[in-house]
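**Student:** Using the sequences provided together with the hints, build the complete structure.
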Amino acid sequence: MDDAVLYGLLVLGAALAVGLAALVFDEFRRDARSRIPRCMTCGGLHHRHAAHR
Numbered sequence: 069m070d071d072a073v074l075y076g077l078l079v080l081g082a083a084l085a086v087g088l089a090a091l092v093f094d095e096f097r098r099d100a101r102s103r104i105p106r107c108m109t110c111g112g113l114h115h116r117h118a119a120h121r
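Start counting the sequence shown at 69; every next residue gets the next number (the numbering used here).
Incorrect hints may have been included.
[Unchecked claim] Here are the simulated distance ranges between beta carbons: (1) Y75 - R103: 41 to 51 Å; (2) C110 - G76: 50 to 60 Å; (3) G111 - Y75: 49 to 59 Å; (4) F93 - H117: 23 to 33 Å.
It should be emphasised that the hints constitute simulated quantities derived from the structure, not laboratory data.
Yeah, the Cβ is synthetic: ideal placement off N, Cα and C, and Gly gets one too.
**Tutor:** Okay, here's the thing in structure tokens:
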């Protein structure tokens with residue numbers, strides 16, 4: 069009975085860690101998508117798919 073409780077707590081802790089990691093990765097992805105990237109063509113800072121004239 070005692071082993072089952074420890075196993076349940078271990079599984080709950082692992083699920084919590086995976087959920088927290090998913091939230092952190094989603095926040096990093098959202099932050100990277102919202103900032104204006106440096107252009108690989110001209111080196112300037114402008115939005116994606118900007119026309120180069």
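**Student:** State for each hint whether it applies.
**Tutor:** Evaluated hints:
1. Checked against the given bound of 41 to 51 Å, the beta carbons of Y75 and R103, roughly 43 Å apart, stay inside it.
2. C110 and G76 have their C-beta atoms about 57 Å apart, which keeps the hinted 50 to 60 Å range intact.
3. The supplied range of 49 to 59 Å is met by G111 and Y75, whose beta-carbon atoms lie about 55 Å from each other.
4. For the pair F93 and H117, the beta carbons lie near 25 Å from each other, so the given range of 23 to 33 Å is met.
In the structure shown, no violation is registered for any of the earlier numbered hints.
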